[in-house]
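Those protein sequences? They're chains A and B, same order as listed.
For the first sequence, our numbering assigns the number 1 to the initial residue and increments by one for each residue that follows.
For the second sequence, our numbering assigns the number 351 to the initial residue and increments by one for each residue that follows.
It is worth saying that the hints were derived from the structure and are not from the lab.
Below, computed lysine to any residue pairings styled on SDA-like, alpha-carbon distance capped at 25 Å:
hint	chain 1	residue 1	chain 2	residue 2
1	A	Lys-237	B	Ala-398
2	A	Lys-267	B	Glu-362
3	A	Lys-269	B	Lys-387
4	B	Lys-415	A	Pro-59
5	A	Lys-289	B	Leu-394
6	B	Lys-415	A	Ser-55
7	A	Lys-267	B	Pro-487
8	A	Lys-269	B	Leu-440
9	A	Lys-156	B	Lys-415
10	A	Lys-274	A	Arg-240
11	B	Lys-387	A	Gln-256
12	A	Lys-267	B	Gln-399
Quick caveat: nothing in here was measured; it's all calculated off a predicted structure.
The lines below spell out each chain.
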Amino acid sequence: MHLRLGYESIESLPEGSNEVRRYFDPHLQCERVGKRIDLTMVDAATLPEASTLQSISHPNIVPIVTAADVGGFDPTMKVIEIVTPFYPRGSITDALLRGERFPGHDAVTIVRSALLGLRELHVSHGICHRDIKSGNVLLTDPPAHALIADIGVAGKLGDSGTVPTVGNATLYSPPEFHGGVLTTSSDLYSMGLILRELLGGAFPYDAYSRQDVYQALDQGRNPLSAKDRELPIWAPKSVRAVYAKATHAQPSRRYQTAKDMSTALSKVKIADWKQVSDSVWEATYPQAKSKGVRVSAEVSPDGYSMSIKRGSGEKWRRIPNLPDETVPDLVSAAAQAVFSTANAFAVSSS
Amino acid sequence: MSVAGMSIRAGELHIAVVSEPAAATAIAQATTGGTSKLTFSDNLSGAAQLVDLKERIRQDLREWKVSSLHVLETSKHANWKYSSAVVRVLAISAAMYAAAEEDLAFSMMKPTLVAKLALSPKLDSIEPGLFGLGTRPTHWNAGLGQAYATAAAGLSTFH
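Pulled out of the complex, with its shape left as it was, chain A reads as follows (with noise of 0.2 Å):
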């Protein structure tokens, strides 16, 4: 007797190298997603991603429903579904690609929220994802925030608490890449451009082919250009701490754990910055959002006259005893200290 799963197939999703597909269920009446697989081509390096998902219940960490046969394919090929929740909201690509923005406050929660379940695959399962990337964290209502989903490639963390690579250089692979071996860390290197995507927008991802990715970590290179690993220059001194340990290119100055990456994370204060215009920024207040702090920035003969406000709408008055400062570019870190001090004053203030 063969059971049958009565899935209508609604689309097909552009997700990686797998075919994934959105289904309607008519008896459960609700959405999942269905992922397909060919056993016989996976990695022997790799997890069996059905009975590990299986193994691990972890609010963070996208659950399965089901596997499933599928028949139809030349005999010499095992062909499954893995069948997932559908999670209305996508991944933080799919966010990041419809326009959504995140506010620093919203960014440092997802990312927090996501790296509980890292937490929960490194240190309860001894796994080690090797495929963290935006498209591979999913959004959800609070209090899970975000899950962590495909761990297609993930691998079992050895004795020394590492893990060989598999096939799948991304833009978030870390330097490591290239050495053949990665580590916990690995992967938390990689939640850190998350975060700088939550922060600062999706990456150019058209502009980097495969080959190009391949090529830079083969040369010991980043295969992202400075320009956009860099934070967007609201960025907080704190927020840019914990960023630049996480992304390190040493594994062993980055946070070796997901929990010392959150806790870090866990003291950051950030304000909700946009840019106005080509030389203003505001952010609002957290308690009173009509109200906030503005730093404007003006051309002057030694760079930029940067100044801090705080008011709301046409209303924008100096703060007293804090006088404009003049910084020599907008990237520098003098520039970089004006905004922490304006994030300070947005956060603090009700």
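Position chain B against the provided structure of chain A, taking the given hints into account.
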């Protein structure tokens, strides 16, 4: 069997895990890697802050695979500043909630009981050697020592 003890001081939560003592001079054996220092997240407020703390406590408990969580009560029963009392109550609530979600036994331990078991009339001067520790770990006097003693009391009383 491993159990966790928690001490809450000035908004800081110290958690420590112990198991049965390995040496005759110890009252419990500290578990390697079984400590945590948590505070409420600075970038959250209200219910989101409470849930976040609960999730972090829960994740620690999951990873340590403990069978129970014991929180040290306070001996200060009067003259609380409202804001300090709220922080303490919320921290206890987060711990209770996390233990319940992980299906763990939970108890509040009286300081007098913990002090008696830790052979120390003052909980601030607990000896690390009682938990098989050769040196005094960081945060010992800030609450970690008390967390170990509370865990040991939980181990002795409930298991």
